[in-house]
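For the record, the sequence lines run as chains E and U. When you line the first sequence up against full-length UniProt numbering, it's residues 1 to 475, in that order. When you line the second sequence up against full-length UniProt numbering, it's residues 1 to 326, in that order.
Keep in mind that the hints were calculated from the coordinates and are not lab data. Warning: the hint list may mix true and false statements.
Which residues of chain U face chain E? A partial, calculated answer using Cβ under 10 angstroms [claimed, not checked]: (1) Leu32; (2) Lys67; (3) Ile97; (4) Asn100; (5) Glu107; (6) Glu111; (7) Val152; (8) Arg154; (9) Glu156; (10) Leu204; (11) Lys205; (12) Lys306; (13) Asn310; (14) Phe311; (15) Phe312.
Calculated Cβ distances over 12 angstroms to all of chain U for the following chain E residues [as the list claims (entries may be wrong)]: (16) Leu44; (17) Lys50; (18) Ala240; (19) Val245; (20) Lys266.
In the DSBU-like style, the derived pairs of lysine-lysine whose C-alpha atoms are separated by at most 35 angstroms in a straight line are [as the list claims (entries may be wrong)]: (21) Lys103/U <-> Lys41/U; (22) Lys252/U <-> Lys50/E; (23) Lys252/U <-> Lys218/E; (24) Lys88/E <-> Lys256/E.
Being a predicted model, the structure only gives us computed values, none of them experimental. Beta carbons: idealized from backbone N, C-alpha and C, even for Gly.
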Amino acid sequence: METNQYQVGDNFDEMFAKEGQVRPHYQEFLKLLGKTTSKRMSHLQYSANKTQVAMGMTFNVYHDNQGMEKILHLDIIPRIIAHQEWKKIEAGLKQRIHTLNLFLQDIYNDRKVLKDKIVPEDLILGSKDYLKPCEGLTPPKGIWCHITGTDLVRNNDGNYYILEDNLRCPSGVSYMLESREIIKRAYPDLFNKLGVMPVSDYPVKLLKMLQFISNKEKPVVGVLTPGIYNSAYFEHSYLALQMGVELVSGVDLITKGKKVFMQTTKGLEQIDVLYRRIDDTFLDPLTFNPHSMLGIPGIFEAYKAGNIALANAPGTGVADDKAVYAYVPRLIKYYLGEEPILENVPTYLCREEQDRKYVLDNIEDLVVKETNAAGGYGMLIGPKATKEEHAKFRNLVKNNPTNYIAQPTLSLSTVPTLTDNGLEGRHVDLRPYILYGQEIEVIPGALTRVALKKGSLVVNSSQGGGSKDTWVLYN
Amino acid sequence: MLSRVASSIYWLGRYLERAENYSRFIDVNFNLMLDLPPDLKEQWEPLVITTGDNEIYKTKHKNFERKDVIHFLTFDSDNPNSIISSISYARENARVIRENLTKETWENLNELYHFVLKRADKKDWNKEDPRAFFESVKNQVLLLYGLADSTVARTEGWYFRQLGLFLERADKTSRIVDVKYHILLPAPSLVGSPLDFLHWTALLKSVTAFNTYRRMYGNIEPAKVVEFLILNKYFPRSVFYCIREAESCLHKISGLADSGYKNSAEKAIGELRSNLEFTDVEEIINMGLHEYLDQLQIKINDVSNKINTNFFQIKDNFINQTQIQE
């Protein structure tokens, strides 16, 4: 397949330093491309799509008789990360998760960070994700954020920046695992030659972590799903299957005497650890949202009594708010006395007057985000928006400043991607997964999301994003 | 095992078996019609009556045209028992309990589902000879059985699946025998004629039993065919065989070591099994074949209901909660 037509934009390209000049860690892959016809590449892409459908690697768009299921397009050109580069990402993420965990323990207990005025008190206590029922609580083994999927992007300066800390049940890890299986079939020889670090032991590590947070020697573990209509249902069942644990939903569970039980064909059986994929406030209608039909009445009392461990711990949402994000570099210094290894994207807090003025004056050049929205919604990309949209967001910011932050538009890095016109660069982000059990471990791989539309910067699957297999090299 | 999971596995077993049996029904009727003398009209109505779907059918079609019946029994998603509905339900049940299935099982079932969906679009029911399609469905279901047989651990889930499979098969075999009651001979004098013989042969072929029957019983005689399909102890599709297997699944599930019963489902199926075990074919014919089959189907249904109350019924945890708080 030809690559001499491939154009590198003014952004950072992961494969080519500039036109015709491949980066060293992509050299083997380029050789392989040279030996493979375009027809063969389309065929590999076709097989990958077919395999995804056969595996049922689908997410629900909405449900009806025919099952409106879509696959997340998997582009067969991998995103490769050199070992040295990965070392830095790994260290940076460990540092960050360590900090955020200390921060969560602090705000729900001693609140030193608020008393020392490192973070404004009202930002935390006024957050809708701050859970009052968690005050004074220390989760089992002191761990709050057991599973994290942090979003990073790479700017045209070649540096990685943290974009979002996703501390509440981040999804996508099943795509990382299954995509690897599919891509391995496409380039079997290359894996040996290059030395790609495996990700397939993730479920084993996940299970170990879940067992670790229980006090019992042989705890009963389950994955708690909202059910088949949830868009990530495939992932819930996939992880339960891979770990060999029960996949349970609210109707399967019952609480008695501050303990949680599963309803089985042989009566009630106690469950000790839940990897819950239900939002905090839906967990328990008695403590939180009384209208939740997904949750288990009484589970929060059982949690407080130490009879069930929940991953992630309820209450983590307050730390991944987009406004709190801006303070994380300061938190790293405060708790660890270290300089942040991975940088934040510079963030303007509309709640602060000086920042707000800057945002209102420069909205055309900025990305404005709602502090508590996800999935690429409630967001303005200044340079791509119309005058009317600029005006609309200026008003939104003025009326409710605490609800908004702004960041300069980053130029996300590109990776060559198979399109109808051959190979073209498409923008990507990077979501590695981090487990916090006996120690903090970053899984050597990631979900790379790719904006399939030419020039687009929105990688969310709900808005036309696809994915790529991510290879972290041994050397 | 979670009650909800057990229930899904049980229904997965039933729906797959149902889809396979419907393929058999249609395939065989098609074969039979090809053998009829040219002056006889094709009979598709009996098929709809035996499957018990005639109420819904009548709301959709006036006549029992071949293409309408095939479409209704195969691709019509308004018919809850059609092949497409059964496969969809089987897949939905599998999806809910995917973590309990082997990868191959899920992938092949998923493939079967997409295959049937696609063929619905291609309007296979309009084709001159759609038998290749039914052959495929049958083969793909059998492939799933083979996969299960050689990969699934013999733990509780396996027995719930086999339980569903055998109860469904018992019911469907009884219905296949009942087809004979509904397919009318042009005149009573034709009982024992070559045409009558053709009917019985088709019946046996529909359960892949023709050769086995010939080897075990010899000539085609109605009473012997009935005995073979209902009471035979060795043929894996006979009603007795299926009920005995289902009973042993229930024992495995409850852990019952000796004879007797531990719950109402075991009691009901034990009674049914012993009833079949100690009946001879003359008694069935004296009672009236159709009447006998009718009460047999009612008893099978009753067993299924008792399985539901004993193992699957999930108590609403919200109601339970309030009770606990009191």
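- Ascending list of hint numbers which this structure does not respect: 1, 2, 7, 8, 10, 11, 12, 17, 18, 19, 20, 21, 22 and 24
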